[in-house]
Amino acid sequence: MNPFRDPMSSDRFDSESSGVALAGDYWRRDGKPDALGTSDRVGQPLSRLDGAQKVTGRARFAAEFSFDGMLYAALVYSTIANGRIASIDRDAVESMPGVALVMTHDNAPRLNTAPVFLRSPNGAAGDDHPIMQSDRVHWNGQPVALVLAETQEQADAAVERLEIEYRAEPAVTDFEIAKGQARAPDNVLGGPAEIALGDADSAFAAAPHRVDATYTTPRHNHNAIEPHAVTLKWSREAGTEILRIHDASQCVDLTAASLAEVFDIDAAQIHITSPFVGGGFGSKTLWQHQILAAAAARVVERPVRLALSRKGVYRVVGGRACTEQRVALGADDSGKLSALIHSGIASMTCHNNLPEPFVQATKCLYAADAIRLSIEVADMHMLANTFMRAPGESVGTFALESALDELAERLGMDPLALRERNEPAQDPISGLPFSSRHLLEAARAGAERFGWSGRAATPGSRREGEWQIGMGCATATYPYMRMPGAAARITLSAKGATIDIAAHEMGMGTATVQTQIAAARLGLPVEQVTFRYGDNMLAGAVLAGGSQQTAAIGGAVIAAHRELVTALLALVTSDSPLAGLSADDVVCRDAGLAAADDASRFADYAEILSGAGRESLSVEAAAADSEELAHWSMHSFGTIFCEVGVSEISGEVRVRRLLGSFDCGRILNPKTATSQFRGGMIMGLGLALMEETWFDARSGRIINPSLADYHVPVQMDVPEIEVMWTDIPDPHTPMGARGIGEIGITGVGAAVANAVYNASGKRIRDLPITLDKLL
Amino acid sequence: MNAFDYHQAVDAEQAIEQAMRRQQTRYLGGGTNLVDLMRETVERPAALIDVSTLAREIEETTHGGLFIGAGVTNAELAADPRVRMRYPVLSRAILCGASAQIRNMATVAGNLLQRTRCAYFYDIASHCNKREPGSGCDAREGFHRYHAILGASSSCIATHPSDMAVAMVALDARVHLRGPDGERSLALSELHREPGERPDLETVLAPEELIVAVELPPLPMAAISEYRKVRDRASYAFALVSVASMAALDGDTIGDVRLALGGVGTVPWRARRAEAALRGAAISERAIDTAVEAELEMARTLPGNGFKLALARRLMTSELKARVADAREGGES
Chain U
1 MNPFRDPMSS
11 DRFDSESSGV
21 ALAGDYWRRD
31 GKPDALGTSD
41 RVGQPLSRLD
51 GAQKVTGRAR
61 FAAEFSFDGM
71 LYAALVYSTI
81 ANGRIASIDR
91 DAVESMPGVA
101 LVMTHDNAPR
111 LNTAPVFLRS
121 PNGAAGDDHP
131 IMQSDRVHWN
141 GQPVALVLAE
151 TQEQADAAVE
161 RLEIEYRAEP
171 AVTDFEIAKG
181 QARAPDNVLG
191 GPAEIALGDA
201 DSAFAAAPHR
211 VDATYTTPRH
221 NHNAIEPHAV
231 TLKWSREAGT
241 EILRIHDASQ
251 CVDLTAASLA
261 EVFDIDAAQI
271 HITSPFVGGG
281 FGSKTLWQHQ
291 ILAAAAARVV
301 ERPVRLALSR
311 KGVYRVVGGR
321 ACTEQRVALG
331 ADDSGKLSAL
341 IHSGIASMTC
351 HNNLPEPFVQ
361 ATKCLYAADA
371 IRLSIEVADM
381 HMLANTFMRA
391 PGESVGTFAL
401 ESALDELAER
411 LGMDPLALRE
421 RNEPAQDPIS
431 GLPFSSRHLL
441 EAARAGAERF
451 GWSGRAATPG
461 SRREGEWQIG
471 MGCATATYPY
481 MRMPGAAARI
491 TLSAKGATID
501 IAAHEMGMGT
511 ATVQTQIAAA
521 RLGLPVEQVT
531 FRYGDNMLAG
541 AVLAGGSQQT
551 AAIGGAVIAA
561 HRELVTALLA
571 LVTSDSPLAG
581 LSADDVVCRD
591 AGLAAADDAS
601 RFADYAEILS
611 GAGRESLSVE
621 AAAADSEELA
631 HWSMHSFGTI
641 FCEVGVSEIS
651 GEVRVRRLLG
661 SFDCGRILNP
671 KTATSQFRGG
681 MIMGLGLALM
691 EETWFDARSG
701 RIINPSLADY
711 HVPVQMDVPE
721 IEVMWTDIPD
731 PHTPMGARGI
741 GEIGITGVGA
751 AVANAVYNAS
761 GKRIRDLPIT
771 LDKLL
Chain V
1 MNAFDYHQAV
11 DAEQAIEQAM
21 RRQQTRYLGG
31 GTNLVDLMRE
41 TVERPAALID
51 VSTLAREIEE
61 TTHGGLFIGA
71 GVTNAELAAD
81 PRVRMRYPVL
91 SRAILCGASA
101 QIRNMATVAG
111 NLLQRTRCAY
121 FYDIASHCNK
131 REPGSGCDAR
141 EGFHRYHAIL
151 GASSSCIATH
161 PSDMAVAMVA
171 LDARVHLRGP
181 DGERSLALSE
191 LHREPGERPD
201 LETVLAPEEL
211 IVAVELPPLP
221 MAAISEYRKV
231 RDRASYAFAL
241 VSVASMAALD
251 GDTIGDVRLA
261 LGGVGTVPWR
271 ARRAEAALRG
281 AAISERAIDT
291 AVEAELEMAR
301 TLPGNGFKLA
311 LARRLMTSEL
321 KARVADAREG
331 GES
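So the sequences go chain by chain: U and V.
For reference, each letter of the first sequence is one residue, going 1 to 775 in the UniProt record's numbering.
For reference, each letter of the second sequence is one residue, going 1 to 333 in the UniProt record's numbering.
Mixed in with the good hints there might be a few duds.
Where chain U lies over chain V, by a calculated footprint (3+ residues, C-beta under 8 Å) [unchecked claim]:
no. : segment
1   : 108 to 121
2   : 130 to 144
3   : 221 to 235
4   : 312 to 321
Among the chain U residues that face chain V by a calculated CB cut under 7 Å, a handful are [to be verified]:
no. : residue
5   : D212
6   : I649
7   : M690
8   : N704
Hints in this document: simulated from the structure, not taken from any laboratory.
A virtual CB, placed ideally from N, CA and C, is assigned to each residue, including glycine.
Looking at chain U on its own, in the form it has when it is part of the complex (with noise of 0.2 Å):
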């Protein structure tokens, strides 16, 4: 097999005769793959389903559902970082005209406090304050009032004639002064906050070639094209309350749980949907938002629509934290890495789970003698830092690779070739063998299609007129993951099939992946598929998050398929082609089953449900535990490569190539995997180049909430950027794939800062790489 034929031939398009079998048990340390990983079903360049709904404006998101009689919210925010409302003055607000209620610490009703995200089972939230209970502030921009009104411009009036008084404490909200009181958090998402194998520092300080440098990162804010919003209704059905919101989610299920804590009734109780999703990229769980509009709805008895503002977002939804990290490489002549040092502090609070994970690439990625890593946090007075594409990997890289394409100049050694000199033949730290890697393979088809031989290994010797030309290059990786939870229902007729998962579309192109992996799994064609998510009504419950959900959907899929057809077989009579045979003999094609062995033997779907009376059969299974991360170290990889231009006049930096090579197991549609990493990697630009929350270290507050102030690359910032992939599937994954969410944004920074090295001579170890640092 060439694992780089061109992705977006669509001469695949055939389907295979000969069917498609049932996955194997693939998790298991001796299982069988999923056939489905090998099968030219998978890897079409199917355009995405829903984009001509999108494209037309027919896709509703949160904020365009509406009830009858719905009121509209506004928040106000403080701006104290910590301390105590002294007062409120809502009797000038109640009067205005539209104003139905301004709800405030004093007369908002009781609510439980939201559980966390990674930290309770049912956690969705981002952290555990309080909401609207008390007259204390945590953070400056911290929700302290909620005003509904008829139109959304009354309740726009309506809180800026809010007169609020605030008795301000003393608050940590200068990141310099926070490190000071650094501290190990309990846990690193789960494990532990100190990793050491050997005596790191002891082969280090022996070592003969030696980096040691601290990088830093800032805060970066969630920009989704959609802000975060929220359409609810109380109402009673048959006695019991139903809470119906639309929401902007990429975790229903999780959501509905945690608010069914808040407000003290069942998760039955509540019913979110959530069909388009503006993107996500972590932002998109359980904020204060949807826990105050949904507690003012139900004291008013009316619907409520509250849509967050671009600069309620930054209030309301936690960004990335801030990093100083330190890397010390140590090597002996041949660039043998013998002491491997990644530790640091990043900004946090005591209110959520989230110790910003840096280190989390390095664990992977290089055989060292001697390894440690380290994290620590300092606590602030701040919105709780989340998610953020890539949380760890994104920044962890940026540090991790810098430092390699240090290391590398000063053994006088391509870059490239370092970091072939340390590939690991097991994971460096557990021990276990990798399931699938095929970083070199990915490193060096990209290198060759770059043209990464005509890197000048001199800084600062190709130049165009003003613009010193560089290369520079720095490891992708991001980890499998199949978290528990997911389940999945079919149903069948002669029509086709439904396939049913609380699972989520933000924009990634998972319904029409997984209508196409259905389809092929079930032998029908895609049109006689339909996918159903973002309702936490529907089947299991799956986080889309980590990379995983494709992961998380397969197995589920895997499971309901072997459940409808052992149902199939089992409705079959004892004069079907079939009589007699068992799951694991059969393949799907042609809208129906056939023997593996015997094409002949055949009967199709509506023949079989028809002669048992049936008009659908329908079939709900859970996926089989993640049992494979037990025996294999699992991790999506690739090299990005990067040509900068930086004026020697005025220090701007101009990406002008930027190319991806991954390995990420089997590409299941490469249209919509090439606009996932290509996303990715833009977002990386972002990341090395101009992306930062201005936090005044003064006040804590925000400076910069808005887009016009909060640079993200615009169109003139993006270089034609080039994707390919090894397409080799993972033995030990549904459909052989790994995640390929994240991974984009990982080395992006780094592959930037070193070809801003090779190009320049400075070398910059602190993001973003503005040009006042090269002038």
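For chain U, the structure is supplied; the task is to place chain V on it using the hints.
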């Protein structure tokens, strides 16, 4: 945003009358800045008088200059063939600013009167002497990467954000005004006030006075003119430093030169000291260096905007050299 009245003016005279009849009025052009400020409640007008449909023509003056109606959009002005031929610096400057959508809405007068983008000016929870005189300046010890190194005072370091105005001051533009007391005109370089102790007073406009036109005088040397803008991303960002420049030679000396700076001044900054140092000087790198230093010796920097001094020096120097080279080439051909 607070509730407000809206009136569409039929002509300048009526607009002024309407403004005189009410309290707290603002003239509305394209609204690309004013409406934003109203959303943030930085501006709280009781009434808007829409003048965006007035004065939409660009006319020739008798001397070969242009008379540009205040309501001409930025996009129309940048695309006008006469502007592109005679004053390319102006076309370039406009196209370096904002986005296509904003330029389609924004008017010439509105562009001149747009307010600073200092983040503390926009945030009503922050201290800002421009927004609330006497309340203090949070930018001075806060984020001031975009702030001024020329023309600032202890009370305000905010930059004037316009690109268009920088090109216009370099071209010796005049603004034509109409107010309750009749018509007058003044040099654009006299329109904006440096902040001093009153950063809230940004122009010399009298109450209810309306900009009705901008006049560009004939200026043959402007046919070869350039605008270079340096910013934090390739588009849709305000200038860190920008330079409008043109030069005319007289043998081996510099006959005339125009130089104006954006992103560094509290007002659109005409670099008159540099110009004066260069006019009549023999062409040399040293003459250019001396001129640049003459302008920048007045600069005062803060920790967050200190890089602008070096950046301005480099850009002014390279742009002046390039204009001299352009002028030489032009003379030879």
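Against the structure, the hints:
For the segment 108 to 121 of chain V, the assignment as covered by chain U holds, since 3 residues bring a beta-carbon within under 8 Å of that chain's beta-carbons and 3 suffice. Only residues whose beta carbon comes within less than 8 Å of a beta carbon in chain U count, and the segment 130 to 144 of chain V has 4; three or more means the coverage holds. Counting residues of the segment 221 to 235 of chain V whose beta carbon lies closer than 8 Å to any beta carbon of chain U gives 5, which reaches the threshold of three, so the coverage claim holds. As drawn, the segment 312 to 321 of chain V meets chain U at 3 residues by the rule of a beta-carbon pair under 8 Å; at three or more, the given contact holds.
Taken as an interface hint, D212 of chain U does not check out: its beta carbon lies about 27 Å from the nearest beta carbon of chain V, beyond 7 Å. With a least beta-carbon distance of about 5 Å to chain V, the hint placing I649 of chain U at the interface is held under the 7 Å criterion. Among the interface hints, the one on M690 of chain U holds; its C-beta lies about 6 Å from the nearest C-beta in chain V, closer than the 7 Å criterion. Because the closest C-beta pair between N704 of chain U and chain V is about 6 Å apart, less than 7 Å, the hint holds.
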